[in-house]
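K.L.:
Going down the list, the protein sequences come from chains A and B. Quick note: the first sequence uses the UniProt record's numbering, first residue 1, plus one each step. Quick note: the second sequence uses the UniProt record's numbering, first residue 1, plus one each step.
Keep in mind that the hints were calculated from the coordinates and are not lab data. None of the values given here were measured: they were computed from a predicted structure. Keep in mind that the hints are not guaranteed to be accurate.
The calculated lysine to any residue pairs, modelled on SDA-like cross-linking and capped at a C-alpha distance of 25 Å, are [unchecked claim]: (1) K172/A / E257/A; (2) K65/B / D174/A; (3) K65/B / A83/B; (4) K87/A / H112/A; (5) K87/A / D174/A; (6) K65/B / H300/A.
What follows is a set of in silico ranges between Cβ atoms, one per label pair, in the way DEER data are often shown [stated by the list, open to error]: (7) R14/A / G62/B: 43 to 51 Å; (8) D153/A / P26/B: 25 to 33 Å; (9) P26/B / T391/A: 35 to 43 Å; (10) A77/B / H268/A: 27 to 35 Å.
Residues from chain A that face chain B, not an exhaustive set, calculated with beta carbons under 8 Å [to be verified]: (11) P242; (12) S245; (13) G286; (14) S289; (15) Y290; (16) V291; (17) G292.
C-beta: ideal position from N, C-alpha, C; glycine also.
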Amino acid sequence: MTQDLPEHPEHLWRNPEPRSSYDVVIIGGGGHGLATAYFLAAHYGIRNVAVLERGWLAGGNMARNTAIIRSNYLWDESAAIYEHSLKLWERLPVELDYDLLFSQRGVLNLAHTPGDVREAMRRVNANALNGVDAEWLTPSEVAEVCPIVNVSDNIRYPVMGATFQPRAGIAKHDHVAWAFARGADRLGVDLIQGCEVTGVRTAGGRVTAVETTRGTIHTGKLGLCAAGRSTQVAELAGIRLPIQSHPLQALASELFEPVHPTVVMSNHVHVYVSQAHKGELVMGAGVDSYVGFGQRGGFHVIERQLAAAVELFPIFARAHVLRTWGGIVDVTLDASPIISRTPVDGVFVNCGWGTGGFKGTPAAGDVFAHTIAHDEPHPLAAPFSLERFETGALIDEHGAAAVAH
Amino acid sequence: MLLIECPHCGPRDETEYHYGGQAGVPYPDDPSALSDREWAAYLFYRDNPAGAFTERWMHAGGCRKWFEAVRDTRTYAFESTRAAGRADGELGDGGGER
Ligand SMILES: Cc1cc2nc3c(=O)[nH]c(=O)nc-3n(C[C@H](O)[C@H](O)[C@H](O)COP(=O)(O)OP(=O)(O)OC[C@H]3O[C@@H](n4cnc5c(N)ncnc54)[C@H](O)[C@@H]3O)c2cc1C
Ligand SMILES: [Zn+2]
Chain A
1 MTQDLPEHPE HLWRNPEPRS SYDVVIIGGG GHGLATAYFL AAHYGIRNVA
51 VLERGWLAGG NMARNTAIIR SNYLWDESAA IYEHSLKLWE RLPVELDYDL
101 LFSQRGVLNL AHTPGDVREA MRRVNANALN GVDAEWLTPS EVAEVCPIVN
151 VSDNIRYPVM GATFQPRAGI AKHDHVAWAF ARGADRLGVD LIQGCEVTGV
201 RTAGGRVTAV ETTRGTIHTG KLGLCAAGRS TQVAELAGIR LPIQSHPLQA
251 LASELFEPVH PTVVMSNHVH VYVSQAHKGE LVMGAGVDSY VGFGQRGGFH
301 VIERQLAAAV ELFPIFARAH VLRTWGGIVD VTLDASPIIS RTPVDGVFVN
351 CGWGTGGFKG TPAAGDVFAH TIAHDEPHPL AAPFSLERFE TGALIDEHGA
401 AAVAH
Chain B
1 MLLIECPHCG PRDETEYHYG GQAGVPYPDD PSALSDREWA AYLFYRDNPA
51 GAFTERWMHA GGCRKWFEAV RDTRTYAFES TRAAGRADGE LGDGGGER
């Protein structure tokens with residue numbers, strides 16, 4: 001856990017001037033946009049690609065998340081795409097020739113009520129049927145995996161057991177972004193920072209160009225990977241999305257010796273904790289209830305998550321919070337992402353990953369690139385289309401996904 | 001932490017309130033007449049502006065009444081709040097009792 005962080009090379013990518021036209025333009029240089037560009041170039045044979053980023057590369061939610069990676073989702077469609085992602089995480093450090101500091105330290109999802117226990121066991125069985133590694137652990141087995149968890153039964157919500165996914169873990173988000181950026185850049189993709197898309201031009205129901213703060217850029221294919229601003233960016237193309245944007249916060253403590261060997265998530269008392277590679281305790285909880293674009297959230301959410309953390313991990317009682325921060329996540333009503341064609345030909349959306357899209361970065365990049373390249377959904381993306389809101393074929397992961405959104 | 005003005009009780013801490021999403025989304029008069037697309041629009045599509053937003057809040061830890069607020073979603077500042085019921089006895093657009 002305390003291994004030295006590798007130095008990152010000075011020049012990871014060029015900073016080219018935007019050209020007047022590309023085969024594919026991706027809006028948003030977060031993890032998803034960069035991964036999409038990489039897979040388009042590396043696996044789907046489209047290299048005349050630009051990624052347009054209004055700020056700096058991977059400075060949005062990619063820079064703000066708690067980096068938890070797992071695939072123990074309930075529904076078949078989710079298990080399939082998140083497990084595809086986990087397999088890519090296992091393989092990408094070699095393919096990208098870059099250490100993503102992907103640490104498969106496992107994740108515990110704690111159960112605190114009989115309802116939690118039933119839900120958790122159901123999920124373990126569903127995971128097993130989908131080839132996802134998952135086990136049910138008793139409280140004493142939980143203490144073997146993570147000795148600092150308080151498994152005594154004299155707390156308000158005693159730990160009644162947990163699901164455990166050993167292959168889950170964390171990765172270093174900056175390294176992930178840099179690795180995809182370098183990989184894409186080497187294959188000829190133009191990564192253009194400080195370039196905000198302000199308009200989308202169409203003709204005859206097809207996209208023809210985007211207006212940006214650095215001029216007009218022509219393209220026949222446009223991919224939206226704008227996470228915190230999905231609604232606003234889609235509106236530029238006249239597309240309405242079933243998305244609400246919410247603040248989501250996280251915090252980090254000072255550095256500690258390795259004490260926390262795995263990832264622990266508790267939906268019921270709502271906190272999740274892991275120890276970063278350098279030693280900070282990294283914690284998060286749920287979204288603030290209201291719509292917001294302010295990159296910050298309410299202090300009472302932090303208070304509650306710390307209260308939960310201290311009860312579950314009594315040894316954290318004297319830890320100091322050093323930093324708190326917030327991102328803006330785009331949430332759908334069924335808590336599943338949208339990866340889809342749209343009513344505008346040539347415009348594709350990847351959004352709605354809400355609080356859980358970091359783990360999905362490689363899969364999102366792969367299946368979105370496939371969808372853009374072939375003009376039809378990748379089989380793993382097909383269930384996540386915009387049409388599901390009309391057909392009623394929702395993938396309702398609220399609660400089921402082992403975390404309340 | 002937000003200080004929210006309940007139209008009935010006055011300013012109270014954010015933790016006393018429950019959020020109810022966009023205001024003014026009435027239940028369709030004749031649901032069975034809607035196409036699947038229109039029904040999906042009613043169920044799943046809401047405005048999501050970066051700016052002024054008219055939404056519903058409920059004073060859960062106080063009078064337990066729903067009311068409407070206009071809030072800037074960029075700064076989180078409340079521009080106004082008003083009781084959901086109108087002087088003429090009609091429900092406002094967002095009447096939470098539906
Ligand atoms: C506090 C927090 C904790 C989280 N924890 C986890 C976790 O533990 N595990 C997990 O799986 N997920 C987690 N997430 C969710 C995850 O961060 C997101 O789902 C994911 O990052 C979204 O994809 P992205 O990385 O491409 O988004 P972003 O990094 O937000 O990328 C979108 C980019 O689009 C750019 N953009 C927007 N509008 C325009 C425009 N008009 N023109 C040009 N560029 C534009 C933005 O500047 C931004 O860089 C967390 C999120 C937060 C906020
Ligand atoms: Zn009141």
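K.L.:
When the structure is checked against the list of hints, which entries are broken? Sort them ascending.
P.N.:
When the structure is compared with the hints, numbers 2, 4, 7, 8, 9 and 13 turn out to be violated.
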